[in-house]
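Undergrad: Sequence:
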Amino acid sequence: MSTQWVYGFNELDDATKVCDGDWDAVRGLLGGKGANLADMTRLGIAVPPGFTITSEACNAYLAGGEEFPPGVLDEVRSELASIEKLTGKTFGDASNPLLLSCRSGAKFSMPGMMDTVLNIGMNDDVMKGMIQIFDDRHFVLDSYRRLIQMFATVVMGVREEPFEDVLAEARAKRGVISDSDLPDEDLERVVATFKGLVERYAGREFPADPREQLTMAVEAVFRSWNGKRAFAYRNAAGIAHDLGTAVNVQTMVFGNMGNDSATGVAVSRSATTGEPKLEGDFLINAQGEDVVAGTRQTSTVDDLAREMPELFAELKDYATALERHYRDMQDIEFTIEHGKLWLLQTRDGKRTAQAAVRIAVDLVSDGVITKDEALRRVSPEQIEFFLHPQFDVAAKAEAAEAGSALTTGLNVSPGAAVGIVALDADLAEEWGENRGEPVILVRPETKPDDVHGMLASAGVLTSSGGRTSHAALVARQFGKPAVVGASEINIDLVGRTFTAGQYTVTEGDWISIDGTTGEVFAGQIATKVPDIEDPWLMGLLSWADEVRDLDVWANADYPDDAQRAVDLGANGIGLCRTEHMFFDQARLPIVQEMIMATNSAQRREALDQLLPLQRSDFASLFRTMKGKPVIIRLLDPPLHEFLPD
3 MSTQWVYGFN ELDDATKVCD GDWDAVRGLL GGKGANLADM TRLGIAVPPG
53 FTITSEACNA YLAGGEEFPP GVLDEVRSEL ASIEKLTGKT FGDASNPLLL
103 SCRSGAKFSM PGMMDTVLNI GMNDDVMKGM IQIFDDRHFV LDSYRRLIQM
153 FATVVMGVRE EPFEDVLAEA RAKRGVISDS DLPDEDLERV VATFKGLVER
203 YAGREFPADP REQLTMAVEA VFRSWNGKRA FAYRNAAGIA HDLGTAVNVQ
253 TMVFGNMGND SATGVAVSRS ATTGEPKLEG DFLINAQGED VVAGTRQTST
303 VDDLAREMPE LFAELKDYAT ALERHYRDMQ DIEFTIEHGK LWLLQTRDGK
353 RTAQAAVRIA VDLVSDGVIT KDEALRRVSP EQIEFFLHPQ FDVAAKAEAA
403 EAGSALTTGL NVSPGAAVGI VALDADLAEE WGENRGEPVI LVRPETKPDD
453 VHGMLASAGV LTSSGGRTSH AALVARQFGK PAVVGASEIN IDLVGRTFTA
503 GQYTVTEGDW ISIDGTTGEV FAGQIATKVP DIEDPWLMGL LSWADEVRDL
553 DVWANADYPD DAQRAVDLGA NGIGLCRTEH MFFDQARLPI VQEMIMATNS
603 AQRREALDQL LPLQRSDFAS LFRTMKGKPV IIRLLDPPLH EFLPD
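Numbering (the numbering used here), first residue to last: 3 to 647.
Honestly, the hints are just simulated from the structure, not real lab data. Only a predicted model underlies this, so the values are computations on that prediction, with no experimental measurement involved. Note that the Cβ used here is the ideal one computed from N, Cα and C, for glycine as well. Misleading hints may appear alongside valid ones.
Here are the computed lysine-lysine pairs in the DSS-like style, where the Cα-Cα straight-line distance is at most 27 Å [to be verified]: (1) K318 x K279; (2) K87 x K342; (3) K130 x K87; (4) K197 x K175; (5) K342 x K279; (6) K230 x K449; (7) K279 x K373; (8) K342 x K91; (9) K449 x K197; (10) K342 x K130; (11) K197 x K130; (12) K19 x K87; (13) K342 x K318; (14) K130 x K91.
Here are the computed distance ranges between Cβ atoms for each label pair [as the list claims (entries may be wrong)]: (15) R635 x V554: 16 to 22 Å; (16) T506 x P382: 38 to 44 Å; (17) A65 x D262: 45 to 51 Å; (18) E386 x A65: 37 to 43 Å; (19) G240 x D126: 45 to 51 Å; (20) G159 x K342: 34 to 40 Å; (21) D426 x R202: 21 to 27 Å.
Produce the complete structure using the sequences and hints provided.
TA: This is the structure we're talking about:
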């Protein structure tokens with residue numbers, strides 16, 4: 003039996019048969035995105051028609067020296083004909099053109115790590131035909147310049163900066179903020195200039211043949227599986243390197259067709275707190291990459307509720323239905339084209355540790371999952387995040403009073419982070435990974451190429467972007483405190499500084515960011531370990547107590563620590579380190595005196611001062627534990643912990 007390399011979105015049953023009904027295997031074959039697109043198609047949700055080239059084809063392509071295995075392109079042509087029949091449009095036909103998107107889709111979600119190309123199928127003739135069909139020259143020119151720029155940078159390996167420089171110059175001359183505000187004549191010049199940049203930097207013309215565009219785009223997505231950013235992300239997320247990625251080819255729907263069109267990303271529950279409400283970002287008259295790239299200031303879905311209430315209600319209904327269907331919080335990409343809502347993707351949403359706990363507990367309360375499932379969905383590492391440092395309230399208030407508050411942004415990933423400013427990802431990796439410095443990566447917006455720097459940083463700060471931007475998604479997944487969309491920040495990459503109001507911060511200066519509140523401060527603010535008071539966490543841990551077979555004992559060196567351990571359900575003290583009883587500032591000089599004593603009499607005098615203190619601590623510790631076991635390690639004072647350098 004020959005291998006099937008390509009499946010239409012309406013062929014989910016065929017893929018399921020190949021995988022013997024194993025949904026996990028289906029996701030491995032079609033990728034998470036492709037499997038869910040096919041599943042949504044089966045559910046009758048408005049999904050633009052398309053097909054998936056399997057991860058097996060990717061692995062065969064890479065293993066075969068970047069050559070397509072026999073039959074792949076024939077199956078692509080066959081599925082393309084099916085889409086043409088479904089849509090009534092023809093790929094490459096100027097009089098009735100079909101345009102396509104080409105997106106990666108691995109088994110496990112890797113936001114922004116691999117490549118995407120939109121508007122495939124456009125050339126000069128198709129552009130002219132579309133202008134006649136849509137009677138919207140601006141939309142067509144905008145779509146064409148997007149294809150050339152994306153194709154050149156993603157597929158042909160041209161640097162992004164020359165294209166961005168052209169757009170920046172055009173915006174500056176016209177005095178507008180957004181690319182979508184450029185008039186038609188400017189966009190025409192941009193298109194012509196972009197073509198020249200392709201010839202200059204790629205050494206060949208932009209390919210005019212739509213089928214060549216599609217083939218090259220598929221190859222680029224396959225190759226991106228082994229890209230630096232994807233490799234670093236998989237290492238950090240514990241994803242195997244041999245899975246490969248599927249490729250999803252889908253009919254384009256356009257969010258950049260005017261003020262009755264939009265594109266956005268929404269989550270069915272708050273990815274930051276877990277609160278059960280629809281959250282997300284969208285842009286009027288834009289394409290999807292604009293939202294996640296953070297290059298334009300987004301609006302929230304609350305604004306969508308006011309501006310397009312019927313479509314908001316439809317989106318909310320879809321989100322609720324998909325959450326029930328997949329039994330987890332969903333991250334949904336959508337496009338509105340001339341007032342019609344289309345769903346382009348759904349996947350289990352990335353979330354903070356706090357959100358993971360609350361969502362798991364709330365889904366049990368809603369009757370969607372069981373307590374056992376909730377316990378399996380929350381990892382030990384996520385529980386540890388509840389113990390991560392927060393800013394000391396008094397220290398933060400003192401910093402604010404002293405005028406150290408720089409700015410505020412969106413609080414997209416909670417926690418306190420203090421570090422030195424690095425303005426690019428490579429430097430953040432050098433300082434953070436190689437030199438062990440605490441670093442705050444500060445960028446206008448992060449891109450997939452920045453992921454290595456994000457992973458090496460203590461926190462992330464961006465001047466643009468929203469709650470579903472690349473920075474927010476990656477920071478949440480890896481527990482990095484992050485503040486995004488701090489629009490008052492102006493970053494000067496040439497001078498290696500950023501300004502916020504009257505403040506100028508130079509690369510290497512210390513700043514403190516509060517991912518819980520969105521505040522940013524100059525200098526270093528003291529942090530402390532928070533008390534665990536989260537009611538959803540306590541509820542989840544009580545369920546764990548009901549089923550666990552092991553005792554849980556705590557490390558505790560002081561009576562207060564022991565009391566906290568008992569309050570949180572510890573069955574005993576597994577280690578009391580006696581030398582830690584002497585770290586208190588009032589006791590430390592006595593220990594140093596004991597260590598540095600020049601004769602036994604001096605040493606005895608110091609020990610006589612320490613004995614009643616330690617005896618009192620032990621008595622309080624035993625009273626607190628009320629008969630529960632306590633293991634004590636005898637005095638073992640490493641000199642470097644007690645003496646100055």
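Undergrad: Go through the numbered hints given earlier and state which of them the structure violates, listing their numbers in rising order.
TA: none
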